[in-house]
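The chain contents come next:
Number of protein chains: 2
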Amino acid sequence: MTLDTGLTVGGVGVGSDERLARIIWSLLTEPGPGAAQAWVQTHGALGALELLVAGELGQGSAAAGRLDGLDVASVLRGLARLRVRVLIPGDREWPVGLDDLDDPPYCLYVRGPADLATLRERGIALVGARAATPYGTTVARRMASDLCDRGYTVVSGAAYGIDAAAHEGALAVGGTTVAALACGLDRVYPAGHADLIGRIIGTGAVVSELPLGWAPYRQRFLLRNRLIAAATVGTVVVEAGPRSGSLNTANTADRVCRHVAMVPGPVTSQLSVGCHEWIRTRGASLVTDAADVLDLMAPLGEHAQEERRAPEVAEDAVEEFDATLWSAVPVRRGADLMTLAAASGLSATDTLAGLGRLVMSGLVERRDDRWRKVPAARRAPATVAG
Amino acid sequence: MTLDTGLTVGGVGVGSDERLARIIWSLLTEPGPGAAQAWVQTHGALGALELLVAGELGQGSAAAGRLDGLDVASVLRGLARLRVRVLIPGDREWPVGLDDLDDPPYCLYVRGPADLATLRERGIALVGARAATPYGTTVARRMASDLCDRGYTVVSGAAYGIDAAAHEGALAVGGTTVAALACGLDRVYPAGHADLIGRIIGTGAVVSELPLGWAPYRQRFLLRNRLIAAATVGTVVVEAGPRSGSLNTANTADRVCRHVAMVPGPVTSQLSVGCHEWIRTRGASLVTDAADVLDLMAPLGEHAQEERRAPEVAEDAVEEFDATLWSAVPVRRGADLMTLAAASGLSATDTLAGLGRLVMSGLVERRDDRWRKVPAARRAPATVAG
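Taken in order, these protein sequences are the chains called W and R.
My numbering applies: residue 1 is where the first sequence begins, and numbers increase by one.
My numbering applies: residue 1001 is where the second sequence begins, and numbers increase by one.
Please note that the accuracy of each hint is not assured.
List time: in silico DMTMM-like cross-link candidates among lysine to aspartate or glutamate, alpha-carbon distance up to 25 Å [what the hints assert, rightly or not]: (1) W:Lys373 / R:Asp1100; (2) R:Lys1373 / W:Asp103; (3) R:Lys1373 / W:Asp369; (4) W:Lys373 / R:Asp1102.
Because the hints were derived from the structure by calculation, they are not lab data.
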């Protein structure tokens, strides 16, 4: 519900064009936290722009200072020439995960055919050290290929090392991969990845919240990382030294409640120190391959890890009726009746009866008033259900 | 409170000698679960022996069958000759952790000067694959040396691979190491470890619940593993394939509520599959070195991991008064006021005031009605307390 503001900025009439207003904001200020972000959140992109032009906001601010030199028409021509599409919140293709950020991008510049609308369901961030070891790049490439084979999109940052291996692994199996850049989409960084980035644009997408022409600076890499973390279902870090930038991505993922997973490595490798530390002290999940990742991140019921791993044991013989209850029973610490009833959606009576059947099957054990799964190692082999 | 039973077994008067009765039970039956175990638990070693001799227990049992051929005097001479001491429950030196087993040993045969009374406080089990990689043996050896340097005793099974590396690492720094064997203490298994076992006896101890002369069988290795797990504070597995026997030790440790920790490795190594799987699905802790192990297993307050790891941040400036409260605040999911008051032992008013100070220090954040620690990565550097 925006009204035509009659506003003209940088030689172009903005009218009620929210998209154009957001493009202009991306030209006026660095992304991330700051006064401009607050203005846009408070007044909307159009409203804030109107106030800024009217001199009613941060007169001495960088944004106001940049108003004068702005040539919006030229910017739009540049975007059209490179076939860059511009997404804003509310667009069908807008990666809705970005809305969970305190400081979402004003807009997202995109090149390439991939549909970003799928990222929040099927995008998995695969990041790690630039100075990766052959072990790390091998694991990243393989994991990316396997994730793509199962229909997921691999999102990374096009950096050297793990990022490149992730993109390459996706491309190798004809999968979809998305690179978030810390510079404008007309630029190539690192320069050595011109070919890689070109191939990503060919079948996947490169994205940035920075206008064309903008260069990669340190702060912009950190801001770029938050897009990778928030757009996706979860972040997997393959190798990370104690201060790796990929841990910054993991931090954001954690903050916006995405899955955070780490690939372990030799404890003698400095490039696994960050991963191990996160598993040890930050509660990150340990993953060893794509199946582990999907076990954690795939929508409930979609990925059947059991198919691959579990031997044929009694739990295969659990009747449909008790399967939900069985899933609700914790492995380590037991849960009490009311907790299990709530988790399984059964009445207390049905829950108790079901637990009885599971205990009889040797799948669940009761201690005092709590039930827990019998560790697989102690379970009897399956008996064929009568 | 045992009375002289007037009992004679295998040519020796047992009288009221509980120790002798337990030695005799160890000669009559395999250790572990079974009828004999139940008899001894029900009637006591002396009482059960009296009933057995009187033919009132399991007439056709293996135990009864072995009564005839028993030459107890010869057994005792053998123990004296090898300077084997025999521990039973209640002895000062008895490893009290063994009492947590469903099927504790009847007695424990011991050679070597180490005092087993310390194991429940300072014994750490370090086990793993026989077919270990150079990576695994390097890590195990180093971890064992470092644990011994900090005054801990390394317990293992004298097998090839990780076990041997653990014992060697302990011996290399003049530390104490204990080997639990799956055969009688007059035997050497594996034969290639005659020298290693000799050195362990010289400064540490070898232990077994099996009488002299008994050979190592598969089942006896599994039973031996339960001693390693139960006697110690916790079990660290350094390398383990998917079905490694060391995971059997971890299972027992888990069952008797000991710490279970795993050393990660390359996800491309089959010998780390078991370790990763336990971290991923069984809640085992990931440890990378001795400091991590002690962080987990050392008595509260004894091991100051902080000394090694934490940078100087604001938390160092927390006043003594708030330190308890700070420790009680969870890292990931917040806790509410009543939970924190209960955990810190403060009144609700004092808790609220303390939380206020911690929030002001930037150490704790409040979301709705829950408080949690601010992740270290986001904390401001320490300011000197005024």
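Against the structure, the hints come out as follows:
For the suggested pair Lys373 of chain W and Asp1100 of chain R, the alpha carbons sit about 21 Å apart, so the restraint of at most 25 Å is met. With a C-alpha separation of about 22 Å, the suggested pair Lys1373 of chain R and Asp103 of chain W falls inside the 25 Å cut-off, and the hint holds. As the CA atoms of Lys1373 of chain R and Asp369 of chain W are separated by approximately 33 Å, the hinted pair breaks the 25 Å bound. For the hint linking Lys373 of chain W to Asp1102 of chain R, the alpha-carbon distance of about 20 Å falls within 25 Å, and the restraint holds.
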